[in-house]
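Asker: Model the full assembly from the supplied sequences, consistent with the hints where possible.
From first to last, the protein sequence lines stand for chains C and W. Using my numbering, you'd call the opening residue of the first sequence number 1 and step up by one each time. Using my numbering, you'd call the opening residue of the second sequence number 265 and step up by one each time.
Hints may be right or wrong, so weigh each one.
Stated by the list, open to error - Label-pair distances were calculated between CB atoms; the ranges are:
| # | chain 1 | residue 1 | chain 2 | residue 2 | range |
| --- | --- | --- | --- | --- | --- |
| 1 | W | V447 | C | T72 | 22 to 28 Å |
| 2 | C | V182 | W | F294 | 54 to 60 Å |
| 3 | W | Q427 | C | D164 | 41 to 47 Å |
| 4 | C | K4 | W | P286 | 28 to 34 Å |
| 5 | C | T165 | W | D379 | 56 to 62 Å |
| 6 | C | P163 | W | F409 | 42 to 48 Å |
| 7 | W | P286 | C | E215 | 32 to 38 Å |
| 8 | W | L311 | C | A143 | 52 to 58 Å |
| 9 | W | K279 | C | V182 | 52 to 58 Å |
| 10 | C | P111 | W | F409 | 27 to 33 Å |
| 11 | C | H233 | W | K279 | 32 to 38 Å |
| 12 | W | F409 | C | T72 | 22 to 28 Å |
| 13 | W | A435 | C | H233 | 26 to 32 Å |
| 14 | C | T212 | W | K430 | 38 to 44 Å |
What the hints assert, rightly or not - Non-contacting residues of chain C with respect to chain W, defined by C-beta distances greater than 12 Å in every case (computed):
| # | residue |
| --- | --- |
| 15 | A37 |
| 16 | P80 |
| 17 | G81 |
| 18 | P83 |
| 19 | G146 |
| 20 | L149 |
| 21 | L151 |
| 22 | D240 |
It is worth saying that the hints were derived from the structure and are not from the lab. In this text, all values refer to a predicted model and were calculated from it rather than measured experimentally. Note that beta-carbon positions come from the ideal geometry of N, C-alpha and C, so glycine has one too.
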Amino acid sequence: MQQKKSPPQRAFVLHGYPYKETSLIVDVFTLDYGRLAMVAKGAKRPASNLRGALLSLQPIEVVFSGRGEVKTMLQATWTPGQPWLTGRALMCGMYLNELVMKLLPREDSHPLLFESYAATLMTLAESDEHSAILREFETQLLAELGYGLQLEKDVKTGELLQPDTLYRYDPLAGPMVHGGGVLVSGRVLLALNKGVFEDAMIAAEARDFVRTIIEFHLERKQLRSSTVMHDLHSLSERLDAKPAARRAAKKAQTERMIIEGANP
Amino acid sequence: MTTPVSFKALIDALKALPGVGPRTAQRIAFELVQRRREEASGLARALETALEKLRSCERCNTLSETPICALCASPRRDPTLLCVVETPADQITLEHSGAFSGMYFVLMGRISPLDGIGPDDVQLETLINRASDGVVKEVILATNFTNEGEVTAHVIGELLEKQGVKVSRLARGIPIGSELEYVDAATVAQAVRERR
Numbered sequence: 001m002q003q004k005k006s007p008p009q010r011a012f013v014l015h016g017y018p019y020k021e022t023s024l025i026v027d028v029f030t031l032d033y034g035r036l037a038m039v040a041k042g043a044k045r046p047a048s049n050l051r052g053a054l055l056s057l058q059p060i061e062v063v064f065s066g067r068g069e070v071k072t073m074l075q076a077t078w079t080p081g082q083p084w085l086t087g088r089a090l091m092c093g094m095y096l097n098e099l100v101m102k103l104l105p106r107e108d109s110h111p112l113l114f115e116s117y118a119a120t121l122m123t124l125a126e127s128d129e130h131s132a133i134l135r136e137f138e139t140q141l142l143a144e145l146g147y148g149l150q151l152e153k154d155v156k157t158g159e160l161l162q163p164d165t166l167y168r169y170d171p172l173a174g175p176m177v178h179g180g181g182v183l184v185s186g187r188v189l190l191a192l193n194k195g196v197f198e199d200a201m202i203a204a205e206a207r208d209f210v211r212t213i214i215e216f217h218l219e220r221k222q223l224r225s226s227t228v229m230h231d232l233h234s235l236s237e238r239l240d241a242k243p244a245a246r247r248a249a250k251k252a253q254t255e256r257m258i259i260e261g262a263n264p
Numbered sequence: 265m266t267t268p269v270s271f272k273a274l275i276d277a278l279k280a281l282p283g284v285g286p287r288t289a290q291r292i293a294f295e296l297v298q299r300r301r302e303e304a305s306g307l308a309r310a311l312e313t314a315l316e317k318l319r320s321c322e323r324c325n326t327l328s329e330t331p332i333c334a335l336c337a338s339p340r341r342d343p344t345l346l347c348v349v350e351t352p353a354d355q356i357t358l359e360h361s362g363a364f365s366g367m368y369f370v371l372m373g374r375i376s377p378l379d380g381i382g383p384d385d386v387q388l389e390t391l392i393n394r395a396s397d398g399v400v401k402e403v404i405l406a407t408n409f410t411n412e413g414e415v416t417a418h419v420i421g422e423l424l425e426k427q428g429v430k431v432s433r434l435a436r437g438i439p440i441g442s443e444l445e446y447v448d449a450a451t452v453a454q455a456v457r458e459r460r
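Answerer: Structure (structure tokens):
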């Protein structure tokens, strides 16, 4: 049965899962069709014309067919332009992918979000301001999904937010002085609105605030990449503590030797 | 027909295998107990022996029947070089290349944030302790050139540099003996960027 082919689509692979010997099931973010699941048959074979399906965080052009829940990927070609993400930027890219996968429903067209995703990957490669870049994408993603953050006015009184006031932020309504919700300072909300974070403290508070709102909208789904980042951080701290412990042990040993040497 | 308890247990056990759903599990179970009883008992014995004998090598984390595997115990290997690979298959490929005579550390996986596979799943702490034992002079990161492999290499590199260990990464580029015309564009782009 001949099925209708899609026109070539600009797309990004969000994540791939191994399927049978050489195939993959890929979660693909396309320009016009939104997020789609596709099977990439034989994509792992060296001569496959679906090699593009293996590369996440790189722009590809994809042709697919099928009307069911899982489409068939017919062609996936890498397109140049996006520098390869490395190090921290790469981890941020993976976090972006998880956000899109967990928050965006399948087969929901979001061309604006697609463009801002592409632009975000580009800035991640070019700038070190990773947290500001992530916050900007998070707010855009929330807005595009209809959960836009209210970052200008107290939603009850209509008064402009004041930096030194503490607000209660209701994830479904917005900030208010009296009410229920997440406790957050006006300074953090205003910083998010401008996309400028004066110091590390505000940046960290903004991150935690947006994370709380995202978790609310994720319902019970977990962000795995944050858990992995957290585990890495604690491993790093554990290892950092070790040389200090070794040095302390050595110092104690030398001192003991000196004392013993002094009292033969 | 009601399913006998032991048969149901076999199906459930098979379902635990990656990529095996309830139908495949039932098909394999029927095949094993009806048509291939001899192979089935062979499989049961092999599984039991493997589980009993195989351990992780204390030095390199790969599967081994002895506490320290043959390669790690060999006096002919250079103990100052430590190569980090994702799987035993990658280690075999490097051995075939004949270009490396140092020691290995096999992660038995890679860090994959989106799958929730973190540092503890790939024994990172064991690796860092192994690499900072004072004998190892250089750690060569030979994880795959996928995003997950890159993240794994980055994380290990950062942790080891803090411990004062020299770290290098496998080079990448155009395959030997290939003509540019037939190489995929992404590889060519990378080779241009990393030209020497």
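Asker: Please settle this one: G81 (chain C) was flagged as non-interface, so is its CB more than 12 Å from every CB on chain W?
Answerer: violated (10 Å)
Asker: Taking the shortest Cβ-to-Cβ distance between D240 (chain C) and chain W, state whether it exceeds 12 Å.
Answerer: violated (7 Å)
Asker: Quick check on a hinted range of 52 to 58 Å for K279 (chain W) and V182 (chain C), using CB atoms only.
Answerer: With Cβ atoms ~42 Å apart, the hint is violated.
Asker: Mind checking the hinted window 42 to 48 Å against the Cβ distance between P163 (chain C) and F409 (chain W)?
Answerer: Holds: the Cβ-Cβ distance is about 47 Å, inside 42 to 48 Å.
Asker: Quick one: work out the minimum CB distance from A37 (chain C) to chain W and report holds if it exceeds 12 Å, violated otherwise.
Answerer: The assertion about A37 (chain C) holds, with a minimum of 15 Å to chain W.
Asker: Indicate whether the distance between the beta carbons of Q427 (chain W) and D164 (chain C) respects the range 41 to 47 Å.
Answerer: holds (44 Å)
Asker: Does 52 to 58 Å hold as the CB distance between L311 (chain W) and A143 (chain C), or does it fail?
Answerer: holds (54 Å)
Asker: Would L151 (chain C) pass as off the interface with chain W, using Cβ distances and a cut of 12 Å?
Answerer: holds (28 Å)
Asker: A range of 28 to 34 Å was offered for this pair. Does it hold for the Cβ distance of K4 (chain C) and P286 (chain W)?
Answerer: holds (33 Å)
Asker: In this structure, is the beta-carbon distance linking A435 (chain W) and H233 (chain C) contained in 26 to 32 Å?
Answerer: Given a distance of about 30 Å, which is inside 26 to 32 Å, the answer is holds.
Asker: Has the hinted range 54 to 60 Å been met by the Cβ atoms of V182 (chain C) and F294 (chain W)?
Answerer: With a Cβ separation near 56 Å, V182 (chain C) and F294 (chain W) satisfy 54 to 60 Å, so the hint holds.
Asker: Should the hint that P286 (chain W) and E215 (chain C) are 32 to 38 Å apart at their CB atoms be regarded as holding?
Answerer: holds (34 Å)
Going through the hint list in order, the structure does not satisfy hints 5, 9, 16, 17, 18, 22.
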